[in-house]
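J.: Construct all of the structure, not just a fragment, from the sequences and the given hints.
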Amino acid sequence: MKAFTQLTGLVAPLDRANVDTDAIIPKQFLKSIRRAGFGPFLFDEWRYLDRGEPEMDCTHRPLNPDFVLNQPQYQGAAILLTRENFGCGSSREHAPWALEDYGFRAIIAPSYADIFYNNCFKNGVLPITLTSAQVDALFSELRPGYRLSIDLEQQTIVTPVGETLRFNIDENRRHRLLNGLDDIALTLRYADKIRAYEQQRAARAPWLFRDA
Amino acid sequence: MAGKTLYDKLWDDHVVHLEDDGSCLIYIDRQLLHEVTSPQAFDGLRLNGRQPWRVARNLAVADHNVPTDNRAQGISDPISRLQVDTLDQNCREFGITEFDMHDIRQGIVHVIGPEQGATLPGMTVVCGDSHTSTHGASAALAFGIGTSEVEHALATQCLVQKKAKNLLIKVNGRTRPGVTAKDIILAIIGRIGAAGGVGHSIEFAGEAIQALSMEGRMTVCNMAIEAGARAGLIAVDQTTIDYYRGRPYSPKGADWDAAERYWRTLHSDADAIFDQVVELSAQDIKPQVTWGTTPDMVVAVDGVVPDPEHASDGVKREGMRRALQYMGLQAGQKIGDIRLDRVFIGSCTNSRIEDLRAAAAVTKGRRKAATVKQVLIVPGSGLVKRQAEAEGLHQIFLDAGFEWREPGCSMCLAMNADRLEAGEHCASTSNRNFEGRQGYGGRTHLVSPALAAAAAIAGHFIDPAELPAEEQA
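One line per chain: the protein sequences are A and B, in this order.
Take 125 as the starting number for the first sequence in our numbering and just add one per residue.
Take 397 as the starting number for the second sequence in our numbering and just add one per residue.
To be clear, the hints were calculated from the coordinates, so they are not data collected in a lab.
Heads up, the beta-carbon is just placed ideally off N, CA and C, and yes, glycines get one too.
One-sided and incomplete, this derived list gives chain B residues near chain A with beta-carbon spacing under 8 Å: (1) P435; (2) S476; (3) A654.
Subject to a maximum C-alpha distance of 30 Å in a straight line, what follows is the list of computed DSSO-like cross-link-like pairs (lysine-lysine): (4) B:K405 with B:K558; (5) B:K400 with B:K561; (6) B:K712 with B:K682; (7) A:K317 with B:K559; (8) B:K760 with B:K682; (9) B:K400 with B:K566; (10) B:K712 with B:K730; (11) B:K648 with A:K317; (12) B:K760 with B:K730; (13) B:K769 with B:K730; (14) B:K558 with B:K400; (15) B:K561 with A:K317; (16) B:K405 with B:K648; (17) B:K400 with B:K559; (18) B:K769 with B:K682; (19) B:K682 with B:K566; (20) B:K558 with A:K317; (21) B:K405 with B:K561; (22) A:K317 with B:K405; (23) B:K712 with B:K566; (24) A:K317 with B:K400; (25) B:K405 with B:K559; (26) A:K126 with B:K559; (27) B:K558 with A:K126.
Restraint ranges, calculated between C-beta atoms of paired labels, are given here: (28) B:D499 with A:Q324: 34 to 44 Å; (29) A:E295 with B:H498: 41 to 51 Å; (30) A:C182 with B:N444: 28 to 38 Å.
T.: What follows is the structure in structure tokens.
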């Protein structure tokens, strides 16, 4: 898994609540059996004026000039600032794959859908939760070239005027993301505990252990 | 000490290991796999030289990409075909049971799980699909996961999870005639909002929930995720026990007796404490129709499209304006005046036999409105299809000018050839009205099967009870 430690990056604002994973990466692109290459199709229906199809070359597609990520001042953005319930809907991990492939390494919002939130950590993307008031303030402060510095170790965001915002994150998630640890390898360290659990559960619920 | 909620009981029964920060290693009793979210997980296993921890606890089926017509000819889209072929190959390679596209048991993953008894009360159930919450109807702790977690569950039979909060939603009293499970859950989502259940596991209770059949309960739990909750739960009662008796994967003999004893403990204790409680009166719930682009943008069929100017805050107002523009609707417009281009009856929300019976009861002796281009009836599984045909339901649909299809996810998310064209309005029994969900530029209105059938006949939204007799064929 990709690690995340510190990031100073350009912020792009997506001023909408309930941005769903169908919007982040539409379903036709989910037919891919690969894990990479979703970045060009991120927010496909908002970003382009034509209909996107899997495997198409996006370099000559007509861009929607009104969509925020197409505006010149947000090119190269690495931090997405958005509203509540970001990533709602489908469980598709293609959503963080597409965000990461596009270049986003951190998201800032008042809340996230649970499955999406979880999926981010598996892909080196840091979803930061701030209060609605803090998110409002960032939206109103945002100017062309607005950059934030994020430090996961310290759990801080530093704004261009030097203000420091603290954010909370589960210790377990923070540790895994800081070190880019392989979740499966970590769990397999408890293989004996898993087997012991299976033994005692099989005694209580034998119908779940007729694996023949 | 306070009693436990149903969720607490299920959680406690599956903890393998507790970390210092409160996150847990949770044992997974059943994983369901489908073609869209599993290929990269199998690749991960191969890359790291890992094998499934307990291969028999996995069950696979192709549903999202499969065609719903001319199935004997295979899948014409080469990219979809590769994805389904990849699932077949992965299941062969790792020894996982799969119901392939030509198996009578094939169907939508959340329909076949309960139908086969492969998902049972008291289990933890995961699938790389957010509508896994469906299986909570039988008091299984069931939730959707991403592909990395699919791989994790395959390799370890466990997941790292943090316990959610407990939200109780009580629907008191009995619903009025013509009000279905779909209307109950849409009304709940309208009340608490699309993010109302984030961070929570929802238990649905109250007289109106207890009165539902298992299939109705599945419809309710299916859409817990549309209120933001990963898991929805309903306590075990006699309805639950009766449903699972005799299913292919259900326990048999002495195992059944032991299982039944355990299952009957799967309810919240009387003195259990919930973090949050929401109560609704069933009497107040009317048939529901969504007008916008999130499932909480919902009103009664006799209502009007709401006005963004009355929204409580700016973000909400802007969201409503954007939704009205996308949907091509005006504030104040009557729901009954919305004209439909297509109707879709199917999906993991509403494609079971009772859903088809409800649609057929409205349709019988009537015909599709000439202005409606297409009415798709897509049963949830091969076995649902066979049962419907044995009852003659398919003939009612065909006589009405509807299309009778093969099982799959179909136009719920339009990954196969079944989709809306830009600007078309669709009455759909599915679960998501997001922009583009049913096809690029398509406009989805979520409704119950009875309302969808009535809309197909009238050409606009109408309470089925008000369908005029003269529209009979």
